[in-house]
Amino acid sequence: MRLIAAFFIGGLFGVGLLISGMTDTRKVIGWLDIFGDWDPTLAFVMGGAIIPMAIAWQIAARRASPALGGTFPSPPEPRLGRNLVLGSVLFGMGWGLAGLCPGPAIASITWGGTGGAVFLVAMILGMVAAPPLKRSLQGRQTA
Amino acid sequence: MPQDWIFGLIGGAMIGIAAAAYLLINGRIMGASGIIGTLVDRSAPENGAERLAFLTGLVLIPGAVALATGTAQTHLTGNFALIAVAGLLVGLGTRIANGCTSGHGVCGISRLSLRGIVATVFYIGAGGLTVVVFRHMLGWV
Numbered sequence: 073m074r075l076i077a078a079f080f081i082g083g084l085f086g087v088g089l090l091i092s093g094m095t096d097t098r099k100v101i102g103w104l105d106i107f108g109d110w111d112p113t114l115a116f117v118m119g120g121a122i123i124p125m126a127i128a129w130q131i132a133a134r135r136a137s138p139a140l141g142g143t144f145p146s147p148p149e150p151r152l153g154r155n156l157v158l159g160s161v162l163f164g165m166g167w168g169l170a171g172l173c174p175g176p177a178i179a180s181i182t183w184g185g186t187g188g189a190v191f192l193v194a195m196i197l198g199m200v201a202a203p204p205l206k207r208s209l210q211g212r213q214t215a
Numbered sequence: 024m025p026q027d028w029i030f031g032l033i034g035g036a037m038i039g040i041a042a043a044a045y046l047l048i049n050g051r052i053m054g055a056s057g058i059i060g061t062l063v064d065r066s067a068p069e070n071g072a073e074r075l076a077f078l079t080g081l082v083l084i085p086g087a088v089a090l091a092t093g094t095a096q097t098h099l100t101g102n103f104a105l106i107a108v109a110g111l112l113v114g115l116g117t118r119i120a121n122g123c124t125s126g127h128g129v130c131g132i133s134r135l136s137l138r139g140i141v142a143t144v145f146y147i148g149a150g151g152l153t154v155v156v157f158r159h160m161l162g163w164v
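Protein chains in written order, with our numbering: chain A, 73 to 215; chain B, 24 to 164.
To be clear, the hints were calculated from the coordinates, so they are not data collected in a lab.
We put the CB at the ideal spot given by N, CA and C, even for glycine.
Check the hints yourself; a few may be wrong.
[Stated by the list, open to error] Beta-carbon label-pair distances, calculated as ranges: (1) A:ALA139 - B:HIS98: 33 to 41 Å; (2) A:ARG134 - B:LEU161: 50 to 58 Å; (3) A:ARG207 - B:GLU69: 32 to 40 Å.
[To be verified] Here chain B is said to cover these stretches of chain A; the calculated rule only asks that three of the stretch's residues, wherever they fall, bring their Cβ under 8 Å from a Cβ of chain B: (4) 76 to 84; (5) 126 to 139.
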């Protein structure tokens, strides 16, 4: 049951990414292009996504457990830290270069052609390389 | 274009409803980089099947919609070296920051998480600067 729910939720997420324009790198780069021909579409995407999710957090706060059991995620970590800023800057640079973030990169793999495949493989390599790099960064921080 | 904004709003609502359902039904935060990242680096062996099911739906269902409509395009650059560098940065950055547009952006901001807000300010800021440098100064993208 959990697997069926996850499959269809992933699908709904992906169709939302497709319809909203998040899988179209022209729209994404257009949104980031504040000093050029700025495209505000992504502000509507973010707004449209945040509202139902804000309601969901309110509902979760009043429930003991999720519908299929288990526990709700713990409250957000209050500490910011260097990794959050450094990682977000690296991610933003990659997002600005190609116009794809992780969700749309996966959702568009069937129609993204060779370029989409190159992006996904490189992204996975980056994800595999991240934990050792993160450990060495943290090591230097405490040393 | 106003029509694009309406599609943005409708698609955005679908993203938000998906995130809401993943929280209220499965009890999980719908963060794309965490879902794929913990699978490929094997850092969270429990519930791997659930994340694999999510990713399978994320590939197959929009893939079927795109096949049916025949209009989906990513408009990615043809410069594969640039794409590879971008992909590497996205993979590294999202796992170092522990989240991307869906995790920090949608799920974080909607619960007023300071980490989600700060991450979103930095990745949009860095993305905006990158577009300025590479599009307007170097003319690469």
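Which numbered hints fail: 3
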